[in-house]
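Go ahead and model the full structure; you've got the sequences and the hints to work with.
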Amino acid sequence: MKALRSVNARATSPLAVVWLLGVWLLLWGSISPLAIVSGLLIGFGLLWATPQPAVEIGLRFRPLAAISLLLFVTVDLVVSSCRVAWHILTPTLPESAIYNVPLRVRGGLMITMVAVAVTAVPGSTVIDARPEDGMLEIHVFDASSSEAEQNIRRDVQLLERRITAAFGSRAERRRVLEAEE
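All letters in the sequence shown, in the order written, are residues 1 to 181 by my numbering.
Treat the hints with care, as some may be off.
[What the hints assert, rightly or not] Computed beta-carbon distance windows for the label pairs:
| hint | residue 1 | residue 2 | range |
| --- | --- | --- | --- |
| 1 | 102 | 16 | 33 to 43 Å |
| 2 | 66 | 154 | 48 to 58 Å |
| 3 | 14 | 88 | 41 to 51 Å |
| 4 | 42 | 154 | 49 to 59 Å |
Since the hints were made in silico from the structure, they are not lab data.
We put the CB at the ideal spot given by N, CA and C, even for glycine.
Written as structure tokens, this is what we have:
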């Protein structure tokens, strides 16, 4: 599939014009011919006067890998929710910890996707994401076992591999696969 890209510099997106028109009409509180015409003129004018640079996002969407990722995250969500619920119901609280987990991807968007997926799963929260060295700083709710750091690294890198398989560029996918060998 083609890489996803943003619009060109002076292009005006019809959706953006309609959105700006809607905001304009809400600000005026009435729908009249004058408000509609002035809203359209303002919308086109703003989009023309403030061009956004063309940005290469570089994502590739792979439907089968995305479905696999969705299933993986769903199972992880259910299992982690049960673990956290169990710890809440037991009288002793687990020992928590903060770990630095290195990622193999370097793109800010890919690192953000991994960080969001890690944070969405109960029991772990990303405190800091550093694209310059590809490091996630993660707070783990249950770090009681001696293998906790090894487990969180393995889980995050497995999630990273699945996200890269679903959305990563060829170069990112290659980097992840080479790092695993």
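Verification of the supplied hints:
1. 102 - 16: 33 to 43 Å: Hint holds: Cβ distance 38 Å, inside 33 to 43 Å.
2. 66 - 154: 48 to 58 Å: Violated, at about 22 Å.
3. 14 - 88: 41 to 51 Å: Once the Cβ atoms are compared, 49 Å apart, the range 41 to 51 Å for residue 88 and residue 14 holds.
4. 42 - 154: 49 to 59 Å: 53 Å, holds
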